[in-house]
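Just so you know, the sequences run in chain order A and B. Everything in the first sequence is counted per UniProt numbering, starting at 1 for the first residue and increasing by one. Everything in the second sequence is counted per UniProt numbering, starting at 1 for the first residue and increasing by one.
Any given hint could be a false lead.
Here are the computed distance ranges between Cβ atoms for each label pair [to be verified]:
1) B:Gly92 to A:Val97: 28 to 38 Å
2) B:Val215 to A:Pro94: 29 to 39 Å
3) B:Gly234 to A:Arg107: 34 to 44 Å
4) B:Trp182 to A:Pro200: 18 to 28 Å
5) A:Asp212 to B:Asp212: 53 to 63 Å
6) B:Ala231 to A:Gly145: 41 to 51 Å
Hint data in this document are derived by calculation from the structure and do not stem from the laboratory. Being a predicted model, the structure only gives us computed values, none of them experimental. Glycine included, each C-beta is placed from N, C-alpha and C at the ideal position.
Number of protein chains: 2
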Amino acid sequence: MDSSRIWTAALIVIGDEILSGRTADKNVQQIGLWLNLQGIRLAEVRVVPDVTAVIVEAVQALSARNDYLFTTGGIGPTHDDITVDAIAEALGVPVVVHPDARAILERYYETRGGLTDARLRMARVPEGATLIENRMSGAPGIRHGRIHILAGVPHITAMMLEALSGTLEGGAPLLSRTVGAWVAESEVAELLQHTEKAHPGCQIGSYPFFRDGRVGANFVIRSVDADRLDACAGDLTAALEALGITVAADAI
Amino acid sequence: MDSSRIWTAALIVIGDEILSGRTADKNVQQIGLWLNLQGIRLAEVRVVPDVTAVIVEAVQALSARNDYLFTTGGIGPTHDDITVDAIAEALGVPVVVHPDARAILERYYETRGGLTDARLRMARVPEGATLIENRMSGAPGIRHGRIHILAGVPHITAMMLEALSGTLEGGAPLLSRTVGAWVAESEVAELLQHTEKAHPGCQIGSYPFFRDGRVGANFVIRSVDADRLDACAGDLTAALEALGITVAADAI
């Protein structure tokens, strides 16, 4: 495995309810954290409405420039669930009923009123797809090459991610250390920039906060190299302390 | 005002910390809700890293096809705050120090250690911009034509939205009614589709849940026309009750 290669993924969050503000998305954070554990970096997210043409454009643009593509939402049994059709259109393949998905749904609905036409919609996949297990609600997720079609309900999304864990090739995970400090970030902006420059392979992000009447900031250092990360965190801590600033070895 | 015209906005959430999963975004929901009150629909969101070229591409693509563009994040005093430079590049204008922003920061930092070079970065704007007030932390937001550059920290973003309230031309706000029902959405998928078709100008979204060992769904009806909305909600409720389903006049 070439651990210096950076593997990237994009995520398309599909749903009018996210854009209207009715529902707070939780999948960006959940998938961002999970991908990092797989050694894959979440490089871009789009939130799009339940409109086929917009989904098709996003699928084509993002899959062209990333190693993997994930979608969440729009795979249920109702008329507003158009994700599978849109992705099939983007791929230029027909939609077919997957026999294993049909069998899973038949078993699941055997004691729940039977497999209706609406429920059978959840067995439809872009031709050539395989299934992603979902122990929660019967209906599986869908994998088509580098594209992963997941549920939108966060705890069902989590089940599908669990089923995918360890199955995607990635690189070294991006590691991070956080140095918290009781200082206004604007007072140490130059120090941060110099420290980052002195430590190639490390990026420092600055996240200010205001709490209990005091200002502070968490400085998040990221690198794929643990030794470089430690060296950078050590130097940053020493430099802040030399200025008489109170520093914590973790986020404040 | 032409209330039949649909006004749209796009949002670009800028920041490595959102993509890595370290920070949960709250601005998509906050801005989606706020825009709707202004009669503007949030049509698309992108979450992008702190990379100039990616921000430039997103600004150009999204501002071309929406009435308004908003960005959050990346306007602080540190080296990873590159939003203003990226937007100026996208617009093809230079970055200049705005005299009013400079005066605001001078006053704010008068008792807080003075206006350093790093802090002066927060007075930089794309040439031609005006300021958006921020009562919280001194540093203002920035408006350049149809583009609004806001802070990333949610409560500061909220202050800037408050300052903008009522200043943007929009259309009729999208109204919604929610009908909650103790039923598996897959059992009423056809009914939902027929009800939507029978009520032009209304869209019905179906949001299933599993709670206390029971399945249910909230059906959200959206329209810019209050009368149509009420008629659709009434018909949907009657049709569900005719099937013996327990229905609530709001979200369950």
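Okay, the hints, checked on the actual structure:
no. : hint                             : in the structure
1   : B:Gly92 to A:Val97: 28 to 38 Å   : 51 Å, violated
2   : B:Val215 to A:Pro94: 29 to 39 Å  : 31 Å, holds
3   : B:Gly234 to A:Arg107: 34 to 44 Å : 38 Å, holds
4   : B:Trp182 to A:Pro200: 18 to 28 Å : 59 Å, violated
5   : A:Asp212 to B:Asp212: 53 to 63 Å : 39 Å, violated
6   : B:Ala231 to A:Gly145: 41 to 51 Å : 45 Å, holds
Hints 1, 4 and 5 from the list above are not met by this structure, while the remaining hints are.
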